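*Asks:* So the chains spell out like this:
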Amino acid sequence: MAAAQKTAMVPEGLWAQPLDERAAGEAIYAIAAEIYPICRSITGNGVRETLRRLARHCEIDVHEVPTGTQVFDWTVPREWNIRDAYIRNARGEKIVDFSSSNLHVMSYSMPVRGQFSLAELKKHITTLPEQPDLIPYRTSYYAENWGFCMPHRQFEGLPDEAYEAVIDSTLEDGSLTYGEYLHKGESEDEFLLSGHICHPSLANDNCSGLALLARLAKQLHDVKTKYSYRFLFAPGTIGAITWLARNEEKVPRIKHGLILSMVGDGGGPTYKKSRRGDALIDRAVSHVLRHSGLNATILDFSPYGYDERQYCSPAFDMPVGLFQRSKFGSIPQYHTSADNLDFITPYSLGQSYRLIALTLQVIETDAVYLNTLPKCEPQLGKRGLYDAIGGHKDVAARTMAMLWVLNLSDGKQSLLDIAERANLPFALIQSAAELLKQQGLLVLAESSFGLSKLGFP
Amino acid sequence: MAAAQKTAMVPEGLWAQPLDERAAGEAIYAIAAEIYPICRSITGNGVRETLRRLARHCEIDVHEVPTGTQVFDWTVPREWNIRDAYIRNARGEKIVDFSSSNLHVMSYSMPVRGQFSLAELKKHITTLPEQPDLIPYRTSYYAENWGFCMPHRQFEGLPDEAYEAVIDSTLEDGSLTYGEYLHKGESEDEFLLSGHICHPSLANDNCSGLALLARLAKQLHDVKTKYSYRFLFAPGTIGAITWLARNEEKVPRIKHGLILSMVGDGGGPTYKKSRRGDALIDRAVSHVLRHSGLNATILDFSPYGYDERQYCSPAFDMPVGLFQRSKFGSIPQYHTSADNLDFITPYSLGQSYRLIALTLQVIETDAVYLNTLPKCEPQLGKRGLYDAIGGHKDVAARTMAMLWVLNLSDGKQSLLDIAERANLPFALIQSAAELLKQQGLLVLAESSFGLSKLGFP
Amino acid sequence: MAAAQKTAMVPEGLWAQPLDERAAGEAIYAIAAEIYPICRSITGNGVRETLRRLARHCEIDVHEVPTGTQVFDWTVPREWNIRDAYIRNARGEKIVDFSSSNLHVMSYSMPVRGQFSLAELKKHITTLPEQPDLIPYRTSYYAENWGFCMPHRQFEGLPDEAYEAVIDSTLEDGSLTYGEYLHKGESEDEFLLSGHICHPSLANDNCSGLALLARLAKQLHDVKTKYSYRFLFAPGTIGAITWLARNEEKVPRIKHGLILSMVGDGGGPTYKKSRRGDALIDRAVSHVLRHSGLNATILDFSPYGYDERQYCSPAFDMPVGLFQRSKFGSIPQYHTSADNLDFITPYSLGQSYRLIALTLQVIETDAVYLNTLPKCEPQLGKRGLYDAIGGHKDVAARTMAMLWVLNLSDGKQSLLDIAERANLPFALIQSAAELLKQQGLLVLAESSFGLSKLGFP
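From first to last, the protein sequence lines are chains A, B and C.
Sequential numbering of the first sequence, starting at 1, is according to this note's numbering.
Sequential numbering of the second sequence, starting at 1, is according to this note's numbering.
Sequential numbering of the third sequence, starting at 1, is according to this note's numbering.
Quick caveat, the hints were computed from the structure, so don't treat them as lab data.
Note that the structure is predicted; figures quoted are calculated from it, not measured.
Misleading hints may appear alongside valid ones.
A pair counts as met if it fits within one copy or between any two copies, since identical chains are not told apart.
[Claimed, not checked] List of simulated lysine to any residue pairs, SDA-like, C-alpha gap at most 20 Å: (1) K327 <-> H287; (2) K382 <-> L171; (3) K255 <-> A90; (4) K123 <-> P303; (5) K382 <-> Y304.
Build the full structure now, drawing on both the sequences and the hints.
*Replies:* Below you can see the structure in the form of structure tokens.
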């Protein structure tokens, strides 16, 4: 892990300057901390306020889709907003207060105001008996209901008395809100970067992902890229479905995609492959993670999780994977009040940022080259590319990378293919290719995948 | 193993009622016990008597093929029958008696009646020095010979005196006998179920297999199946060769097949794949065994063993595998007097029956479906198919099965493909598909393998 | 390893008599010992003298290629020769003497004669601090330089005084020398056997390989082979490049090839696959090594090592692998004075010889056959090919080999395919095929790869 905070891992071809992982981590943490208190749900002002804050970093277009709009098999629901909520005991004391944590209220709770016996009230309270000090996060989007969430320890100690329960919410026709930012590249082919914006005060899930996306969008702004990058900030499930229903014609343009969620904890990293399993994005992230020096896990696709469920539904089957640190559902903090600002760190956010940046580097610079002197090895020594004194047992990694690139650049194998076969980091292979290209020993192949007509450098 | 005796593992689509594994095991044991004492060989009255007993359970057609009939490279041999056999010592005591165990006589022994010195007699006696208390099972079908088998301990204690050896057998022109039962399904495509009927009093090898086949045939009788099921009770090697020589035109119809032998001991289960290695029967049995909770072994094909040697010979290359409990030849009881009625149990026979039944279920119900709402997920919640309260870490296996079926039902992947990728039991996937079909979310694909024109439900 | 010195492992079809591994090992050792003292480099009289000695065993054609000849991206260098070299201390004592070990002089050292302070001299001395008693082997072919190599312990003890350093070498226009021997077979298709001839007194690297090649060439002389065998004794890198540049038209004829280096130590065996990875030579050597009973290692291709770098460059991509005992660079003796005649043994050389001979046997005799009685098994018993007494648990390996050959000889799978699937040694499968062919149960398939038109037996 000592290597994790290095700044020079990303070649400078794509990025204006070497990636400063530490600065990135701190900037992302600051954004996450800013949006953490907002009470988001799948609709409502929380989403709008969050997008307003993120828009300080990149020019987000905000879209409003009216309640009742049909989106494939689904219907955009009524808009939910909440001003206040609490439970008062017989002495008038607020024993549960929305203003101290928005997790206390089940998301999409109907308005309620009344007196309840303890027994009646308990039917509307959710706790975590095995994590008695934590507030759970619960929702009831598609069934009319109301409820509170509280620590189990508190729940068990409630005296048998009358309670006043108030949820000052509205559930009315309105709209569903999502945001988009498009960074235009040389090509209309797109790379989709998507994060869910529907969870209330859960720092890792998904303030971390939203914040990383905003930072990445900002950094990309002045970078000349081959692909166009589409950033999507949409509520989970219904937001992705809504976007897909309104943008079906854009789907074929999306050549690669990543969902970012829970990118700020110290676990993982974890990558869940697209349904295709062998898309370039799957290979690129897997490669970057394998060479990260971290304890990476690569998971096969399964139809449960985040919006890959929609992007990878059979009619779309998009090459979109999921990047996370700890695997969702695998950690005790998941969907509880323990997923707070102490659970995420600038250090981990910076690492995640670097891994995503390295992945973009692979996607942007992978190409197929031709060795211009393919009969025997070119004489590297006379070009100053080789140790002059022979007889040593080892050669430097740089030399090995050059030998691999020369040997496999037959017009059929891309740099990522070569990096995988050589078991060397893509960045090393790519910089070796750069050096060989400068020496005239390598030219871009006609057959490189779609890159040549762009004059991609 | 606690789960092993459950009755509800087989969906009720195929079977009239839930499979009662315990009752099946007991019924199979009773049949095996009834045919155990009969002295079978590759020809003769022992085979006929065995078929007569099995025919009480299913309508077996008995075929007689005359001695001398050419069957490919082989010739139907003379028919062997035996009435009695013994060795008497100098005091006239029967020290070896066929009537106490038919293993005492080498199968296909020529008739003999005479006085022998101990030295001469020993040339005709086979023992197992490393298992000194057991009688071995030996045959000499294709070389004229005679012999006795006895425990090595007894053999070593034989005093050096004169002995009378009598084998009252006949080896004469007659016929080879085999039995067939055909359960007709909707299709003329067949599933072959074959067991060897040539071994004398060996309970596991193969009274167990014959008995299981008879029980299965009986149970299938009133079941409406897609495939026709051909049950073959034939002597090993020459019987299978004879059937193939007389039924070459039927071979292409046989789409799947299983040989059952030694299905009553507590080992395994073991499946030996067909020569093809990736036939549907290979995948189906492997899947069922992997999800059986038992210590299953899947073996690659090899050209030694049972009648897979003939079915999988290069000109036929039939999709026929071998199901057993312990692998043949791997256990000390194999081909000895220890393979008796204590070696097999109703419990293990019931387990084997269930595994075969589950395999038939896969073969009968595997199909390719189309998700009718393939753009994003259908909203399961509004159809009552999903937990209404979100936010939990886990979903039920049933929901996961539905999500897998929806995600992969793209007209290319069958339910077995889906079960394998999801690593869920086929029965669970199949019942999820049933539910989705009822909801109109799934339709049978045109491209399902040969099933659609049958209107297979 | 008890089996290692057997003489009967190689069928007699190819070789005039059973391979005598012990005699081969001793003969190879004697050749290696004879050429060990010669000071070889990539050019010069050392190469010529070595070829002269090897030519006593096979009729080597010696080629001289003038200095300055362009060979692809390289130029044949000036010829280097050395008569004497030493360092004398202040008392006139020779403390380093070329005549005691030619490793003392860096190969391709420019001539030098002069007085040096210790500090100046040290700039021209290479040692191995971690192996303080060994002389390293160093070269400076393509950068003008001079230097001595000595044990680090001696180096550290050098008193600070004046030294006389003399290298009586010449570096002048001349030629590069390599040798070739072609054993003609029935076909013009070739099997290339190549060893580097540029290292001075290093016994394993590569006196061992040169000696094995010379012995193999001698033994093949009177053998009628299908392939022609080209033996190449050329300096590493520049020699292989020179041969390829002068013989491009022969490259397509080379269907298989092996580089032999370091074949005399007790490690390995190690095989490094060709760039193709699945060439027949890769499969053949891997098969032979897996069945060798030794601790074999099969490595994937990488573009660093011996002349596979040139043969497997992208424009040639020849099916040429590398056979060694210990992997190069993996042992402490590598490129030091410890790689002497004690490091190699007749025993290991004999083993290596056997492994190479078995590989040639595979390549020569692999073919695709057709079972002439493919419907069921042929009756082996009536042809005397099978145990007459049935009922045993095991069959002999010979019988299993026959059953495998019969089962898989469907005109598509070769004997090597069969040996791999059966997990039996190729020699056993091949002799079973021979027996079955004699019985008329097997015929050569039309589709055997290029062999039928040669009437290959």
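*Asks:* Where does the structure disagree with the numbered hints, that is, which hint numbers, in rising order?
*Replies:* 3, 4
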